[in-house]
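Protein chains in written order, with my numbering: chain A, 860 to 1106; chain B, 233 to 401.
The set of hints was computed from the structure by calculation and includes no laboratory data. Backbone N, C-alpha and C define an ideal beta-carbon position, used for all residues, glycine too. Among the clues, some could well be false.
[What the hints assert, rightly or not] Cross-link-like lysine to aspartate or glutamate pairs, in silico, EDC-like; alpha carbons within 16 Å at most: (1) A:Lys943 to A:Glu1100; (2) B:Lys318 to A:Glu936; (3) B:Lys294 to A:Glu1100; (4) B:Lys311 to B:Asp297.
[To be verified] Cβ-to-Cβ under 10 Å is the rule here; a few derived chain A residues that face chain B: (5) Pro920; (6) Glu936; (7) Thr944.
Spelled out from the first residue to the last, the chains are:
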Amino acid sequence: MNVLPCSINTLKGLYDISGVEVGQHFYWQIGGFQVHAQVLITSWVVIAILLGSATIAVRNPQTIPTAGQNFFEYVLEFIRDLSKTQIGEEYGPWVPFIGTMFLFIFVSNWSGALLPWKIIELPHGELAAPTNDINTTVALALPTSVAYFYAGLSKKGLGYFAKYIQPTPILLPINILEDFTKPLSLSFRLFGNILADELVVVVLVSLVPSVVPIPVMFLGLFTSGIQALIFATLAAAYIGESMEGHH
Amino acid sequence: MANMIMASSKALITASSFPTASTTKPRKAALFDFNLTLPAIMAEFLLLMFALDKIYFTPLGKFMDERDAAIKEKLNSVKDTSGEVKQLEEQAAAIMKAARAEISAALNQMKKETTFEVEQKLAEGRKKVEAELAEALANLEKQKEETIKSLDSQIAALSDEIVKKVLPI
């Protein structure tokens, strides 16, 4: 898109009405460091939602479950099934990790799409899903890397490093590269999907009358849910792959 | 790309001294801005994981597993008692058979006794009746003979009378 031939007025008009604040953050200063406060604030809301609803629903479990307890049992069974499929029989200790990963990303994405964050006006930047920030997605991908390393090392000891020369030593550089591309792809996949969906919706909303962006919003709900599932499934798959028995 | 657009538009705007849209000075757009947010979110995630495990995953998971185990146990125990039930049923059937045999034996016994008694009584009654019948017959015979005898004497008298009346003198 060649912007220079456009007149000043068009550009300014676009800048005025677009209101798209890409890459604008609300900064807080903590010690010598800066943080993206909008990410922290929305992540606190997500954590509050998760902990609050879990506490209320799981209080006093009944043999014949109430609606809330039933929903949370369904979610737990879903997560256990996901972990078991990917990791195998020793999936038990990994359920909290995979479950928290899935729930945090899912609730973050959907909160960004469904909650009316625009009501709260920040001096700079805006509130949105916490996963639309590269810091968050990398902060989720790095523990995944650590987790699958830990899984492999704790199960096989130093024999874990034998997997780098399997099936053939020629693939050693590729296997080493995988250790970098795995977290990279995890974080960028999530970041790109969520940020791009937000941008599409915001641009459509600012350019086109109200009904048109709604299908895109539904698509956004669907894909953001899928992204949460994909992140969790891949995390479990990497862990399972590291713990895999001898070929 | 976004940087370029914003930078060029900003340049053009300030150059022509139009008032800017936002009151605060827009900073350079930063999409890949890594800072303390990263470890902050990582710490938050780990804390969330431990909290959720303590509140939700472990308690509810244990509850669900216990419930499944209880249901399985109940199912198994039901299967076991069905064998017991069969045994009890057989015992009951045996008892019923024995009882029925007893009853029929007792019944037969009673029947025999009562028929015997009945026949006895019948025989007695018959004898009595026959005796009375014989008596009555004997009486009848006696009366017959008496009447015949009396009739005989009367017949002789009657026939004399008749002859006297019939034969004219």
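Quickly compare the C-alpha distance for Lys294 (chain B) and Glu1100 (chain A) to 16 Å and report which way the hint goes.
-> violated (27 Å)
Does the CB of Pro920 (chain A) sit less than 10 Å away from some CB of chain B?
-> At about 5 Å, which falls below the 10 Å cut-off, the nearest Cβ of chain B leaves the hint on Pro920 (chain A) intact, so it holds.
Satisfaction of hint between Glu936 (chain A) and Lys318 (chain B), Cα-Cα up to 16 Å = Given pair Lys318 (chain B), Glu936 (chain A) is violated - Cα atoms ~39 Å apart, limit 16 Å.
With chain B as the partner, please determine if Thr944 (chain A) meets the hint condition of a C-beta pair closer than 10 Å.
-> violated (17 Å)
Hint status (Cβ of Glu936 (chain A) to nearest Cβ of chain B, threshold 10 Å) | holds (8 Å)
Assess, step by step, whether the Cα of Lys943 (chain A) is no farther than 16 Å from the Cα of Glu1100 (chain A), and give holds or violated.
-> Holds: Lys943 (chain A) and Glu1100 (chain A) sit about 13 Å apart, inside 16 Å.
Pairwise hint evaluation, Asp297 (chain B) against Lys311 (chain B), where the allowed Cα distance is 16 Å at most = Between Lys311 (chain B) and Asp297 (chain B) the Cα gap is close to 21 Å, so the pair fails against 16 Å, i.e. violated.
Violated hints, listed in ascending order, are 2, 3, 4, 7; each of the other numbered hints is respected by the structure.
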